[in-house]
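> As a plain string of letters, each chain reads:
Number of protein chains: 2
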Amino acid sequence: MKHTADQIRRTIEETIARLPLEGEPPLLYQPIRYAMSQGGKRLRPTLLILAAEMYGAEAQDAIWPAIGLEVFHNFTLVHDDIMDQSPIRRGVETVYKKWTSSVAILSGDTMFALAYDLLIRSESSRIREILHLFNRTAIEVCEGQQLDMDFESQEVVSIDEYMRMIRLKTAVLLAASLKTGALIADVERNEADRIYDFGICIGLAFQLMDDLLDVYSDEALFGKKTGNDIVTNKKTFLYLKAFELANARQKQELEQAFSTSSPVEKVTTVRALYDELGVRDATLNEIQRLHQISESFFDNLPAGISQSDELHKVTLGLVERKF
Amino acid sequence: MKHTADQIRRTIEETIARLPLEGEPPLLYQPIRYAMSQGGKRLRPTLLILAAEMYGAEAQDAIWPAIGLEVFHNFTLVHDDIMDQSPIRRGVETVYKKWTSSVAILSGDTMFALAYDLLIRSESSRIREILHLFNRTAIEVCEGQQLDMDFESQEVVSIDEYMRMIRLKTAVLLAASLKTGALIADVERNEADRIYDFGICIGLAFQLMDDLLDVYSDEALFGKKTGNDIVTNKKTFLYLKAFELANARQKQELEQAFSTSSPVEKVTTVRALYDELGVRDATLNEIQRLHQISESFFDNLPAGISQSDELHKVTLGLVERKF
Chain A
0 MKHTADQIRR
10 TIEETIARLP
20 LEGEPPLLYQ
30 PIRYAMSQGG
40 KRLRPTLLIL
50 AAEMYGAEAQ
60 DAIWPAIGLE
70 VFHNFTLVHD
80 DIMDQSPIRR
90 GVETVYKKWT
100 SSVAILSGDT
110 MFALAYDLLI
120 RSESSRIREI
130 LHLFNRTAIE
140 VCEGQQLDMD
150 FESQEVVSID
160 EYMRMIRLKT
170 AVLLAASLKT
180 GALIADVERN
190 EADRIYDFGI
200 CIGLAFQLMD
210 DLLDVYSDEA
220 LFGKKTGNDI
230 VTNKKTFLYL
240 KAFELANARQ
250 KQELEQAFST
260 SSPVEKVTTV
270 RALYDELGVR
280 DATLNEIQRL
290 HQISESFFDN
300 LPAGISQSDE
310 LHKVTLGLVE
320 RKF
Chain B
0 MKHTADQIRR
10 TIEETIARLP
20 LEGEPPLLYQ
30 PIRYAMSQGG
40 KRLRPTLLIL
50 AAEMYGAEAQ
60 DAIWPAIGLE
70 VFHNFTLVHD
80 DIMDQSPIRR
90 GVETVYKKWT
100 SSVAILSGDT
110 MFALAYDLLI
120 RSESSRIREI
130 LHLFNRTAIE
140 VCEGQQLDMD
150 FESQEVVSID
160 EYMRMIRLKT
170 AVLLAASLKT
180 GALIADVERN
190 EADRIYDFGI
200 CIGLAFQLMD
210 DLLDVYSDEA
220 LFGKKTGNDI
230 VTNKKTFLYL
240 KAFELANARQ
250 KQELEQAFST
260 SSPVEKVTTV
270 RALYDELGVR
280 DATLNEIQRL
290 HQISESFFDN
300 LPAGISQSDE
310 LHKVTLGLVE
320 RKF
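Chains as they are written, first to last, in numbering that gives the first Met the number 0: chain A, 0 to 322; chain B, 0 to 322.
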């Protein structure tokens, strides 16, 4: 029986709530329970199980690797928040802020080990492929985070470099989630690669949409303060596109706008320049382009795969205009 | 063909030197190369390969898991040094000091993923047992480090609590190294557990010897400043034993000695009190007791295992008096 994304998300939440995280010492396990109970979209495990079911596997054969990838994802957030000195995530204090950096480092490390231990609960005959994919992905996510930090002090960042960074930092884990689901369903290598590539496209579009929403979304809808990327001079797709599209005078105006001290004025001024330069449409065009490429995945599913609607719906939701 | 420990160590160094660590971005991979090239005893991979060969496996079937465990061990050092704010290790700057905490966190995370990727190169039919053992061990090492940090602010620490901490922080990884070698050689479960328990005994004795040498070794021989544990009021076996053996007056003297501000005077005074209390002999007795238990391992090897000399020699070296 195939499940809806909502049913899958409920199962994921229930399974996470039942994880044996009551261990000693408390300062190691409390932060793990805290980090895992903050909710979020549970996107990666949902994609993994949707892919597994689409290709004919049972959800129960996919649940542990799915939870493993979610634990891994949350581990990266715990460590990223130390490095980025982010005090708030999902509306509550981050682990390093609530406890200490040392606690966040070590709880994170434990979550990484725990992720592997959940992953190897899989009884898949393709377990070596699954583990190798996961290792490569984990390394790539670290590379992406390092590139992201490098960009902060890097004078010039090209759009190509930026796309490479978000591919590593964001897209590969979505792609690996989908491919792991496919491997659990024991699909052919070619099909596993196809869903991986689909995941990369969707992941890139998802990150660009995230960049766009930070500037243009309705605050209430998006759930965090709009304009944070502008306030912190973050080199997002919109920032880089703006400088790419600007002439000499506009470049100067952008530089001036980005050195405004008042946050509200800064966001208003930068947004006006983005509008003048057509940055919003340029970003939407790129999202649309990636989305169109990704659609070919559904057009070429192997014979016998009919129930792809649920996966289609969830991935569409990631790249849709929400404003 | 069986190899000597020296031959194995040379192979390990050569293999580490050839690891593909030239990746991008440089700020992620330079620190990994740096951390892996600082030498050290390469104890864990040496034990793994010695155990594998003793039980009849080929060294080449054990080399990658061995390197994986060494990479894991070095990852824990990179992260521990951030948490403990240790500026120097093996005579050179630690990763977080040479670069930044963020670089050390992320390079460490990458080393953890790399350790897994080396581990799964093993073609052993017992790979699931090997991975499960590794996951459990990694989690336990984190628990041990958290306990160690907890002890800093904990008024009272019992010797039992201390032994539990060093079991987790130090002994389980030595034990897991030996057991992984045994699993690669496909030994029976009972024998794999026997060498694990042997590793725990040796690991505990090794850590107690480390505590002892910090107070009593010839500085040149031991290679780091003697008395560092005393200067930093670290709750080692000797510290806890001293308070256990002291009467009310001596407890006061110890407390006074540990609040001395001059490091040289502090070490001299504390050492004199340790001598008065017989702490040195009490520690040596405990090491001797653990060593004797561990010896029974060699007395009960399965029929057909003859060449255990090299493993015996290496483990003896860990618990011998070096002063």
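There could be a bad hint or two in this list.
It does not matter which identical chain is meant; a pair holds if it fits inside one copy or across any two.
Claimed, not checked - Here are the simulated lysine-lysine pairs, DSSO-like style, with alpha carbons at most 30 Å apart:
1. K97 with K234
2. K250 with K97
3. K40 with K1
4. K234 with K96
5. K1 with K233
6. K1 with K97
7. K250 with K1
8. K265 with K233
9. K96 with K250
10. K96 with K233
11. K312 with K97
12. K97 with K40
Don't read these hints as lab results, they were simulated from the structure.
> All the hints need checking, so say for each whether the structure fits it.
Cross-check of the supplied hints:
{"no.": "1", "hint": "K97 with K234", "result": "both (28 Å within a copy, 27 Å between copies)"}
{"no.": "2", "hint": "K250 with K97", "result": "neither (40 Å within a copy, 37 Å between copies)"}
{"no.": "3", "hint": "K40 with K1", "result": "within (20 Å within a copy, 54 Å between copies)"}
{"no.": "4", "hint": "K234 with K96", "result": "both (25 Å within a copy, 27 Å between copies)"}
{"no.": "5", "hint": "K1 with K233", "result": "neither (41 Å within a copy, 57 Å between copies)"}
{"no.": "6", "hint": "K1 with K97", "result": "neither (40 Å within a copy, 53 Å between copies)"}
{"no.": "7", "hint": "K250 with K1", "result": "neither (53 Å within a copy, 69 Å between copies)"}
{"no.": "8", "hint": "K265 with K233", "result": "within (13 Å within a copy, 51 Å between copies)"}
{"no.": "9", "hint": "K96 with K250", "result": "neither (37 Å within a copy, 38 Å between copies)"}
{"no.": "10", "hint": "K96 with K233", "result": "both (22 Å within a copy, 26 Å between copies)"}
{"no.": "11", "hint": "K312 with K97", "result": "neither (36 Å within a copy, 48 Å between copies)"}
{"no.": "12", "hint": "K97 with K40", "result": "within (22 Å within a copy, 38 Å between copies)"}
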